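**Student:** With the hints as constraints, model all of the structure from the sequences given.
Below, each chain spelled out in residue letters.
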Amino acid sequence: MDEKNTARAAAGTLLRVDDLCYESGSQRLLDHASFSLGAGLRTVVLGANGAGKSVLLRLLHGLLQPTSGRVSWAEAQGRALRQAMVFQRPVLLRRSAMANVIFALKLGRVAASACETRALTALSHAGLMHIARRSARVLSGGEQQRLALARAWALEPDVLLLDEPTANLDPTATREVEDTIMRIHAGGARIVMTTHNLGQARRLADDIVFVHQGRVTEHTPASTFFAGPKSAEAVAFMQGEIP
Amino acid sequence: MNTLGNSFIAAYELIARADPTLLAIIGLSLRVSLSALFIATLVGAPAGALVAIADFRGRRAVIVVLNGLMGLPPVVVGLLVYLLLSRAGPLGELGLLFTPGAMVIAQAILITPIVAALTRQVVEDAWTEYRELLTSLRATLWQAVVTLLWDTRYSLLTAVLAGFGRAMAEVGAVIIVGGNIAGVTRVMTTTIALETSKGDLPLALALGLILILLVMLLNAAAFATREWSAARHG
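Protein chains in written order, with the numbering used here: chain A, 1 to 243; chain B, 1 to 234.
Simulated from the structure, these hints should not be mistaken for lab results. There may be inaccurate statements among the hints.
To be verified - Simulated restraints, written as ranges between beta carbons of each label pair:
(1) B:Ile15 <-> A:Ala114: 55 to 61 Å
(2) A:Pro171 <-> B:Arg60: 35 to 41 Å
(3) A:Leu81 <-> B:Leu91: 53 to 59 Å
Given the structure is predicted, the values throughout are model-derived calculations rather than measurements. The beta-carbon is built from N, C-alpha and C at its ideal position, and this holds for glycine as well.
**Tutor:** Shown next as structure tokens:
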């Protein structure tokens, strides 16, 4: 895994984060974070609740503006990378599952003639064809999150950001969501997701960005991290985890 | 039998035989108030949604004013529209004074703030939920407004209905700008006011009963629609 990681990372830097800070009121939620991510990998931002993972992800996606510091994404063939984000609580519109996907495509300026085909493809990849016509908000929690994934997938993102996508789900639904994330990654999207769940990090991560009280204490390949984290904070986090 | 009892019987007869004068008055009332509501919704709903989600200087002041305008006194609105539309007024050439058109204008002014202020509340709640998604999908301000209005459409029924109720029930504005001319600008509320002062209680009472009934029916319909939508869309 390490060798593969290195090879892929050598293909180019996808994202550079320089001295990133974010303050809300008098609270510093992210404190001088610096790291860079290579292309092609699945990065898991790991840390306890309130560590600043979600803030970091929102800064990367541009939903929050940094107090200081910079986020610079690479370009792909001279255009900005396409990003999509999936949230902890899926935000679905009061319309059918299919219409939710088409809505995102239309905002993404996809030609109207192509929307339906692309939406259907994404729904079928996520195994949601049977609920395409159903109203999105009455689906089960797991189905809702997979629909949010399908909606993001349909946008054919270069980078998919996920903020604790399974935090509210039972184990079966979690497994289904993880499978869907793996398939989106296999389809060519770079994955950056946050979690506080060590098991999930083990299953999904190529590399780990560990966040503790607003600081990035380490960024290491997953195999290295799980063999023995470098930072004392990560060691404590792993010891505190219920197996 | 007392006056009230007699009036009720006479009112019932008027309704039962679908008295043409009665029907004409009800028809005009509905036409005027629905037209005013149409204009108020067209203007007030997008304006309210815009105030809910746009970030601009003086937004708080706009919200306070908007909420305050919900309580506009109908007679004052009537007076202002009267001054605007009177022969010497800036819009006097339109010749709208004492026509149903003038009544539509007055009622639209009266209820646009109601629709806008209530829409603002509903849309602002939805915006807290949708904000990150719509920002992530790079929706423009206008796309966000349209999306939020569409997604809250069943809740907005209440806002629209509040506006309609106000328009149907007010008498101060329409009596000033309409003039309460029989067969031309006489609506339910102005008729009730006039007939009561003349002592012709049955017509006034019949109209009063129908007015209450109409408002009840509309509220029931809106309630049923919301229940249905909650079951269907969550």
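**Student:** Which constraints among the numbered hints does this structure fail? Numbers only, ascending.
**Tutor:** 2
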